[in-house]
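Participant: So the chains spell out like this:
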Amino acid sequence: MTVKTERGGYPFIMPAAVVLVLVTVYPLIYVFWLSLHKRHLIFETSTFLGLGNYTFLFTDERFFTSFKNTVYFTVTSVTLELVLGMCVALVLNSAIRGRGVLRAVVLVPWAIPTVVTAKMWEWMYNADFGLFNYLLGLKVNWLGSTMWAMNAAVFMDVWKTIPFVALLLTAGLQVIPRELYHAARVDGAGPFFMFRKVTLPLLMPIIIVVLLFRTIDAFRVFDAIYVLTGGGPANSTETLSIYAYKVLFQTLQFGYGSAISMVVFLCVGAISVFYVRLLWRQP
Amino acid sequence: MKVSTDKILKRWGILALLALVTLYCLGPFIWQLLTSLKAGVDLTRLPPLLPPAPTSENYVAVFEEHPFLRIIMNSLVVATSSTVLSLFVGSLAAFSLAKLPIRGKAVFLAFVLSVSMFPPISTVSPLYLIIRTLGLRDTVWALIMTYTTFTLPLTIWILTNFFRQIPHEIYLAARVDGCTRFQIFYKIFIPLAAPGIFATAILVFIFSWNEFLFALTFTSTVNSRTIPVGIALFPGIHEVPWGEIAAASVVVTVPIIALVFVFQKRIVEGLTMGALKG
Amino acid sequence: MAEIILKNLSKRFGTVEVIKSLDLTIADREFFTFVGPSGCGKSTVLNLIAGLEDVTEGTVVFDGKVINELSPGARDVAMVFQSYALYPHMNVFENIAFPLRVRKEKQATITSEVNRIAGLLGIGDQIKKVPRELSGGQRQRVALGRAMIRRPKVFLMDEPLSNLDARLRVGMRTELKKLHRELGITIVYVTHDQEEAMSLSDKVAVLLEGRVEQCAVPIELYERPANIFVAGFMGSPAMNFIKGSVTSEEPFRVGPGRLTVEPKIKISSKRPVGTEVVIGMRPEDVEVSKAPLDGGYEALCDVVEPAGPFQWVEFTPEGLEGKRIKGKAPVEESINPGERVFFSPAWDRVHLFDADNEKRIF
Chain A
304 MTVKTERGGY PFIMPAAVVL VLVTVYPLIY VFWLSLHKRH LIFETSTFLG
354 LGNYTFLFTD ERFFTSFKNT VYFTVTSVTL ELVLGMCVAL VLNSAIRGRG
404 VLRAVVLVPW AIPTVVTAKM WEWMYNADFG LFNYLLGLKV NWLGSTMWAM
454 NAAVFMDVWK TIPFVALLLT AGLQVIPREL YHAARVDGAG PFFMFRKVTL
504 PLLMPIIIVV LLFRTIDAFR VFDAIYVLTG GGPANSTETL SIYAYKVLFQ
554 TLQFGYGSAI SMVVFLCVGA ISVFYVRLLW RQP
Chain B
66 MKVSTDKILK RWGILALLAL VTLYCLGPFI WQLLTSLKAG VDLTRLPPLL
116 PPAPTSENYV AVFEEHPFLR IIMNSLVVAT SSTVLSLFVG SLAAFSLAKL
166 PIRGKAVFLA FVLSVSMFPP ISTVSPLYLI IRTLGLRDTV WALIMTYTTF
216 TLPLTIWILT NFFRQIPHEI YLAARVDGCT RFQIFYKIFI PLAAPGIFAT
266 AILVFIFSWN EFLFALTFTS TVNSRTIPVG IALFPGIHEV PWGEIAAASV
316 VVTVPIIALV FVFQKRIVEG LTMGALKG
Chain C
71 MAEIILKNLS KRFGTVEVIK SLDLTIADRE FFTFVGPSGC GKSTVLNLIA
121 GLEDVTEGTV VFDGKVINEL SPGARDVAMV FQSYALYPHM NVFENIAFPL
171 RVRKEKQATI TSEVNRIAGL LGIGDQIKKV PRELSGGQRQ RVALGRAMIR
221 RPKVFLMDEP LSNLDARLRV GMRTELKKLH RELGITIVYV THDQEEAMSL
271 SDKVAVLLEG RVEQCAVPIE LYERPANIFV AGFMGSPAMN FIKGSVTSEE
321 PFRVGPGRLT VEPKIKISSK RPVGTEVVIG MRPEDVEVSK APLDGGYEAL
371 CDVVEPAGPF QWVEFTPEGL EGKRIKGKAP VEESINPGER VFFSPAWDRV
421 HLFDADNEKR IF
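Same order as they appear, the protein sequences are chains A, B and C. According to the numbering used here, the first sequence is numbered sequentially starting from 304. According to the numbering used here, the second sequence is numbered sequentially starting from 66. According to the numbering used here, the third sequence is numbered sequentially starting from 71.
Calculated from the structure, these hints are not laboratory results. Note that the structure is a prediction, hence the values are computed from the model and not measured. Accuracy of the hints is not assured; some may be wrong.
[What the hints assert, rightly or not] Subject to a maximum C-alpha distance of 30 Å in a straight line, what follows is the list of computed DSS-like cross-link-like pairs (lysine-lysine):
| no. | chain 1 | residue 1 | chain 2 | residue 2 |
| --- | --- | --- | --- | --- |
| 1 | C | Lys77 | C | Lys174 |
| 2 | C | Lys198 | B | Lys252 |
| 3 | B | Lys252 | C | Lys336 |
| 4 | B | Lys252 | C | Lys176 |
| 5 | C | Lys360 | C | Lys334 |
| 6 | C | Lys223 | B | Lys252 |
| 7 | C | Lys360 | C | Lys336 |
| 8 | B | Lys330 | C | Lys429 |
| 9 | B | Lys75 | A | Lys500 |
| 10 | B | Lys72 | A | Lys500 |
| 11 | C | Lys429 | C | Lys90 |
| 12 | C | Lys90 | B | Lys170 |
| 13 | B | Lys252 | C | Lys174 |
| 14 | B | Lys170 | B | Lys75 |
| 15 | C | Lys429 | C | Lys336 |
| 16 | C | Lys313 | C | Lys360 |
| 17 | C | Lys429 | C | Lys77 |
[Said to hold, decoys possible] So, partial list: chain A residues that the calculated Cβ filter (under 7 Å) puts toward chain B:
| no. | residue |
| --- | --- |
| 18 | Lys422 |
| 19 | Trp426 |
| 20 | Ser575 |
Note that CB positions come from ideal geometry on N, CA and C, so glycine has one too.
Sequences are here, hints too, so could you generate the full structure?
Facilitator: What follows is the structure, encoded as C-alpha cells:
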C-alpha cells in the first residue's frame, strides 16, 4: 500500500484548461490569421493580404459609422444605467419588507431572453399600434427614424440591465458597516453629504467593477439591436458587432469580417485594461 | 405627533417608489402578456389596453402552425447539457484552484477572467469554420460545446470562491481519514458547496437558454434551432404576427421568470459572487 | 504499537526554512507534545508526520519503516484539528463512520463500532444531530470519535482544546489523559499553551523557529530549563530575569549590586569574577512580605494581583530602578502599591544562564 503522496491538482484542472484553449484561445488565433487573408466562403478562395484588411478599414466609411454608433450606444447606455441603477439600489437598500419579492421583480428584465426583450420593445415602439405612442399621445416612428432609433435601443438596454447594476450596487451597499452612518449622523452629516463622503468612496471599487462589465457588454452589443432594428434605418443603429456579423455571414467575406471582429476584440481588451488598472489604484 | 406623520409619509414614499420600480420592471412583460391574448383586429386597436375578448388563439397557433415544441425541446437539451458539462468541468477546476497545490493559480484565474470578456463576435467566424469542418453544423452539439466553454469562466470563478470558503482543515481531515483527492471532491466538497453549485447552474442555464449570436450562426433548421432564434426569425406571411410572437415570448419567458422568483436569493448570490470577489 | 523517529527532518516553503533538521524519538504509547509560540513550526511537524505536507529533507520513521512517501490515508494515523473539521453536511454518526466508509467496511461493522465509540465518549444520544447543533465540547468528542474509530497507531492532535472555553478545556484535559491510558496508543500533541503541555504530556519538545530548544519530561523543563527561552516560556507567570555578574567565587555569588544570590551549581561550572550572567527566578520562588525578611532586600511595590490563596506582587528592587520583579505573598499580607516591601528569593531555586549564549549554567 505504498501510495506516493499525490503532488498537485493538475489532473483536475486539465479538462477545463484544454476546453478553454481549444474553444476560445485557438479560435482567437485563428480569427487573427483569417483577418490577414482575403477569404470568401462561397468561392473557398484564400489569399494572403498581410494587414491589407486593416488598412482597408480606414477607407471604409460604414466601419467608421458603426464605430461611432457603438461608442454612442456604449456611453449613453452605461451612463444612464449607472445613474438609474444607483437610484434603484438605494430604494432596494431602504426597503425593509418585501425585499425578496422586490429582488425577484428586479431580476425579471435581466432574465428575459434578450431576443424576447427586443421583440417586446419593437412592438411597444410600433408607430401605429405601439404602447408608447398611445401613452404619450404621439405619432413618432421610433424605430424608423434615424434620429430616434439608436436612442430607442439605448432605452431598451437601460431597461434590461438596470437590475444587474442595481443588484451589484445593493450588495455593495449592504457591506458598508452601519456604524459608519451612525457615526456620520452623530457628527451631524446630512443624507446628501453622507452619500458623497461615506457611501460613494466605499462603493467605488464596486462601481468600477460594474462599469467594467457594463462597458464591455455594451461595446460588444449584438442581439438586442440586431433583433430590434437589424442595424437600420440607413445603418443608423449598426454597431461594430452587427457590421462584422453582416460582413461575415451575409456577404461571406471572412477575411474582412474577421478584421472587424479583431477590432472589437482589441477595443474590449483596451477597455478591460483601463478599468482593471483603475481598480488596482483603489485604496 | 409630527414625528409620526413624518414616518408615515416616509413609509408611503418608499412604498410608492417600490410600486414604481415594480411597474417599470414588469410593465413590458405584462404588455406582452396582454398582447398575446389579443387576436385579429384587437391587436391593432388602442384603447382598450386590456384585451376585450381574451383568446388562446395565438398560443394554439404557436404550437400547431409552428414547430415550436421542437424548438423548445432543442433549447432544453442544449441548456441542460451545457449546464451539466460546464459544472462538471468547471467544478473540478475550481476545486484544484481553491484547495490543491498547483503552480500558476493566479495566472490561470486571470486567464479565465479575460476569457469571460472575449466578445462572442471575435470568435464566431473561426468557430463556424471549425464546426463546419467537424460536420457539426445545425446540430445541438455545436451549441453545447460553445456554451459549455463560454460559461466555464463564470462557473470556475464562482465555485472557486465557494470552495475557498470551506475550511482547509476539513480538506486535511478527509486526507487523514484516507480519502483520495477525487473522493474529497465528490464526498465532501460537492455536497458542502451545493448552494453555490445550484446558483451557478441557474446562471449557466439562463445564459444557454438566452444566447443568440452563436445559435443564429450555427443552426439553420428546426433540427437544432433554439428559442431565441425561433423567436427572432418568427415567420410571417404578409405582416408581422405580433400576437403569435407575443404568445411564444410568454411561453419561453414564464419558466425563466418562475426560476427567478423561486431562486432569486441564489441567483443574486451567484451574480454578486461572480462579480464582486475579484 | 508505534514508535516514531524523526531523523534530520527539514521543511522548506520556497526559501523559508520552517523546520530545521529535527531529530527526535517519540516512544511507543507516549503522550508527546510539541509546544511553542505561534509560528514556531509545531503544526508543520504534525503535518509532516501525518503526510499532509511533503518532507523536504530527512525521514519520518514509523516502527522502523521510512514512510516519507506514504499518503496520509495509508499511514494509519488519525488527526484531531483545532476547528474539529467535522463534515458539516453529515450527522454525528456519519462523521464518526466516515473513515470506515472510505475503507469500505461492512455496514454492520460500522454500526456497531460507531455506537460503541459514541457510547464510550458519552455522545450516544447525539448520534442523529449535525455538527452545528452540538456544543463545543460535543463537537470535540465527535472529532475524537472519528479519530478513534480506525484504531490508528498514532493519534495526532493539533491544538484540539484551543476552541473550548477555559472550564471545559480543563475538564477535557483530564479526559484526554484518561483516554490515552485506556487506548494505550501514541499521541502526538501540539499546543501553544505551556500549562496544557505540562499537565498532559509524558514528554515535551519546546520548539522555537523550527528548532527543538529542549526535549524532556515536564518537570525537568520546569526545574532545569536548558536556556533562557525555555525558562521564560514554561511556567506562568513567567520567570524573572535579571542581568548580573559573578561577584565572588568562594562562596559563588552573583548579582547586580547589592542584590546577590548564591545559586547551587556544579563546582566545574563556576566562572571567574566579573563574568556576565542572567539570573532567573520564578515568581513562586520569590517570597514577598511587608515585614523585613531574613536575608531579604528592600523594594517598592508597583502592582498587586490577588490570585485567591495568595497574591502576586510586582515590585522594583531598591538600587535596580527600572527593573520589575514579580514575587508571591501570602494572602494575609495587606500590601498596597507604592508601599515599601521586602523580598527574598529561594537561593536553591535560582537559575543561572550564560549571558552570551543564553544557555543554562548547571
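Participant: Holds or violated: Lys313(C) and Lys360(C), Cα atoms, limit 30 Å.
Facilitator: Status holds; Cα separation ~26 Å.
Participant: Lys360(C) and Lys334(C) were given as a pair; does the straight-line alpha-carbon distance stay at or below 30 Å?
Facilitator: 27 Å, holds
Participant: Are Lys90(C) and Lys170(B) close enough, with their CA atoms no more than 30 Å apart?
Facilitator: 29 Å, holds
Participant: Holds or violated: Lys252(B) and Lys174(C), Cα atoms, limit 30 Å.
Facilitator: 14 Å, holds
Participant: For the pair supplied as a hint, Lys330(B) and Lys429(C), confirm whether the alpha-carbon distance does not exceed 30 Å.
Facilitator: Not OK: Lys330(B) and Lys429(C) at ~63 Å, beyond 30 Å, violated.
Participant: When you check the alpha-carbon spacing of Lys77(C) and Lys174(C), does it fall within 30 Å?
Facilitator: 34 Å, violated
Participant: For the hint on Ser575(A), does the least C-beta distance to chain B fall short of 7 Å?
Facilitator: Hint holds; Ser575(A) Cβ to chain B Cβ min 5 Å, cut 7 Å.
Participant: Could you grab the alpha-carbon distance between Lys198(C) and Lys252(B) and see if it respects the 30 Å cut-off?
Facilitator: Roughly 19 Å separates the two Cα atoms, so the pair holds.
Participant: Lys252(B) and Lys176(C) were given as a pair; does the straight-line alpha-carbon distance stay at or below 30 Å?
Facilitator: Holds: Lys252(B) and Lys176(C) sit about 18 Å apart, inside 30 Å.
Participant: Given the hint that Lys170(B) pairs with Lys75(B), does the C-alpha gap stay at or below 30 Å?
Facilitator: 50 Å, violated
Participant: For the pair supplied as a hint, Lys252(B) and Lys336(C), confirm whether the alpha-carbon distance does not exceed 30 Å.
Facilitator: At roughly 62 Å apart (the allowed maximum being 30 Å), Lys336(C) and Lys252(B) break the hint.
Participant: If you draw a straight line from the CA of Lys75(B) to the CA of Lys500(A), is it 30 Å or shorter?
Facilitator: Answer holds: Lys75(B) to Lys500(A) is near 24 Å, not above 30 Å.
In terms of the numbered hints stated before, the structure departs from hints 1, 3, 7, 8, 14, listed from lowest to highest.
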